[in-house]
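Q: Fit chains B and C to the given chain A structure using the hints.
Chains as they are written, first to last, in the UniProt record's numbering: chain A, 1 to 338; chain B, 1 to 451; chain C, 1 to 174.
Please note that the accuracy of each hint is not assured.
[As the list claims (entries may be wrong)] Only pairs whose alpha carbons sit at most 30 angstroms apart, straight line, appear in this in silico BS3-like list of lysine-lysine: (1) K222(A) <-> K65(C); (2) K9(A) <-> K63(A); (3) K33(C) <-> K184(B); (4) K172(C) <-> K184(B); (5) K60(A) <-> K265(A); (6) K136(B) <-> K33(C); (7) K191(B) <-> K31(C); (8) K136(B) <-> K19(C); (9) K184(B) <-> K170(C).
[To be verified] Partial selection, computed: residues in chain A whose CB lies under 8 angstroms from chain B: (10) I107; (11) I110; (12) L166.
Note that these hints are calculated values from the structure, not bench results.
Glycine included, each C-beta is placed from N, C-alpha and C at the ideal position.
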Amino acid sequence: MADEVVNFKVTIDGIPVEVAPGTTILNAARQIGGDIVPPAMCYYSKLEGSGGKCRTCLVKVSKGSEKDPRPMPKLVASCRTTVMDGMEVQNITSPEVVEARKGVVEILLINHPLDCPICDQAGECKLQDLGYEHGSEGTRYEFERRTFERVDLGDKIQLHMNRCILCYRCVYVANQLTEQREHGILYRGDHSEITTHIEKALDHDFIGNVIDVCPVGALTDKTFRFKNRVWFTKPVDAHRDCPTCSGKVTLWYKGEEVLRVTGRKDEFGEVEDFICNTCRFDTKNTSDWVLEHPTDVEKESVIGANHYEQFNLPPVIKEDEVLQLANAEQLQRTERLK
Amino acid sequence: MGRKLLLEHINEPGIETFDVYRQKGGYRAVEKALKTMSPDDVVEEVKKSGLRGRGGAGFPTGMKWSFLAKPEGVARYLVCNGDESEPGTFKDRYLMTHIPHALIEGMIVSSYALGANTSYIYVRGEMMPQIRILEKAIEEAKAAGFLGNNILGTGYNLEIYVQPGGGAYICGEETALLESLEGKRGNPRIKPPFPAIAGLYGCPTVVNNVESIASIVPIVNDGGEEYAKIGIERSTGTKLISASGNINKPGVYEIELGVPVEEFIYSDEYCGGIANGKRLKALVAGGSSVPILPANLISKTVTGNPRLMTYESLADGGFQTGTMLGSGGFIVFDEDQCIVRNTWNFARFYHHESCGQCSPCREGTGWMEKVLHKIEHGHGTMEDIDLLWDIQRKIEGNTICPLGDAAAWPVAAAIRHFRDEFEWHVLNPQESQTRNYGLAHYADPLATVVQ
Amino acid sequence: MLSVQENLPVEFSATLLVKCAEIVSRYPVGKQKSALLPILHEVQAEFGWLSTDAMDKIANFLQIKPIEVYEVATFYTMYFLKPQGKYALEVCRTGPCCLVGAEKIMKHIEQRLGVKEGEVSADGLFSWRGVECLAACGYGPVLQIGPEYTFYENLTEDSVDQLIDTLRNKAKEA
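Next comes chain A alone, as it looks inside the complex:
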């Protein structure tokens, strides 16, 4: 019998949770769920080595551990910092964190084109969500935004580098799911760009997953391009016998027509299984699929509700004054949108 693993006790925003050693602060927070989960734009649990880059998940460690209670001197990236026994973490209860996160959101947006009205990702864009939940209303950036040419990476995937936030997820997908990575990050600093260097098609059975992992509209499905707004489509979970992948997908319907196929995404926006290109691009008849049920869509999502819902208080917050205070701003936003 294996030795019993002694779990670490951690509190996040005052809410206790027990997790296995080696768990990151972010994943501990995900076990709690709700509003105290830090946003993550670059971390992707299914992609090894991802995370640490976007800095949206910064949190404050106010107590390092039971053994060494000293607080950490700087805010830390919760996606890459593992918990210690007795650690105390502040996320939305720390004004410092809220302020720093607001700064990161503003900074992520200074060179973003804000072309949501013509972007296929609108409605399921993590940057939109981030800006809505954690950002300011305006920007103080007044200079020209950097621009790139739009590039076709083959006939199925389009790259809008203007929208990219350089999360590196698509590079990890190519490294970890395919044998021959053709695209990568060239140049450096704010000139960095995702590209193939010389216009090459990305061609691999699983390369379509770069679309699913992209948090913004930088990598989009050309077979769905401009077909419809996602909130007018109806997602349905379905499966088929696929020789290449699990065949478990979400079909996006408009009326009787399947407009696109994606992986099934969990509550944190990550796909459950990476799916193959055949399922994604070439299997768009209802007759190809066994339909299961309408996809569960997050309550806040415009896809499910078609309008913004009132902020729904998780039970833990209802009982905790500190958390209610921390959520005051969030509550105000939803009030405005009523």
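A: Only chains B and C this time, still in chain A's reference frame:
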């Protein structure tokens, strides 16, 4: 005259060759360490010496060495950081050019102490001549039996290779350097794990600055306690200072830590005073990333004590009124220099050198450069100054590596101490394009400023 | 996306290949990617810049993917991705050099060569650009010329003129 431990024989003709270096007592430390000391003895002497990393961070070298993991059967590496790129710093170039064997000797002793059998000296690619010099020095040392297999018959084997960089300031950050040495983009790694646990090729690794490694030689020769007798408090030994800017005698000087800053600027032994009879306006004491100080905070601390060239004294007053010794890049500004222009120049540097991996640094450094460019060229507003302050605050402490801090500090310090010069640019958009703000009140005794 | 308007098919000479093999031998077996930066320098020294073909050949030699070479070559500033002048003058433009007149020197070079930063002179002899700190702040203003990265220190307008004349004559003799 202060004692010279690194540059004692610098004026000896031919000191760059093995023969002359050896005649002057070179490679004694290798003989002593390999024949009479255990690796742990060497580490102990370095701990006793109080030597602090000379690359800029000032972390105690002996402590860094003692963190090195030593799992059975796993290679360990020593990597020398010769990626000297911090504006204002050129001491390592000087050392490698004129007395390369001091570094090679230090490398051998340090590698022995750490149990490394292959060591790399990572030198920035622009220093191709220095790379050739080091390669020649390695060849000479090898021919004399100080490198290779069974060094001096002790059974210790060591190869040293020189690795050129490709042009990237960020590779001075130790984990970016390791990435670069592995043939990758110089993106700093997310820590932990630290290099002492998983560094080069995932193996335990120590990364030390050129000057730190060269300093191991006198520490082994004379003992750590002797070394620690030089200097003040936790600033022990000697330090190479790179002096540049508007001074009469720019160059590299070896000082005993503890020399008063005023003496360093004005005495003929060192900088020889401000050039062209001008007056001192500002000082960047430890490379471009440390806070800039106005004239009235340079010679004396805010509490009225003489400011000394030590880690502690330069930092006296924190960032409010102090700065840092950093890498020892001592940049002197005379009264004709424009702080706004210089701050813009430094901001451009950090923007250019940001690796682009994490968002606050990638986007924030460019934003700061643009705002500073706007103010410097007469298009700024008062709100821009506050905006700048806020951007640097959003970058500092929120990035993967210290480049974010390095980009934020100079901007913060310039606004903190020279805010009226920024405001003057805003209020006098035309005049600011034709003349400089000048010395203004920046040299006035502090009490007056406070009133 | 890097526009590959110009490519230059290259053949690695036997000498170059021997040099590359020697570089690879400096690293543990299987860690040959470490040789990438030094080899990029060697190849650039041979051909003056790094064409896509040259980078692909390096990838092939090191048994890594071409994209890994492009990623690295575009990250570091010393690698030229388009042809330069025979003499590529790189002038330091960072703070300490500016305190002692680097901006004036760059203006002078621009006038003297008659080409803007990054462009190549009509005779193909010269190109120039400002670069960030070259760690020679005490000897500023400074410039360097590859592939050996010879340094020219304490520049004045006169010394720049002399340097340009010397290089021009050298090119004529060659």
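Q: So which of the earlier hints does this model not fit?
A: Structure breaks hints 4 and 9.
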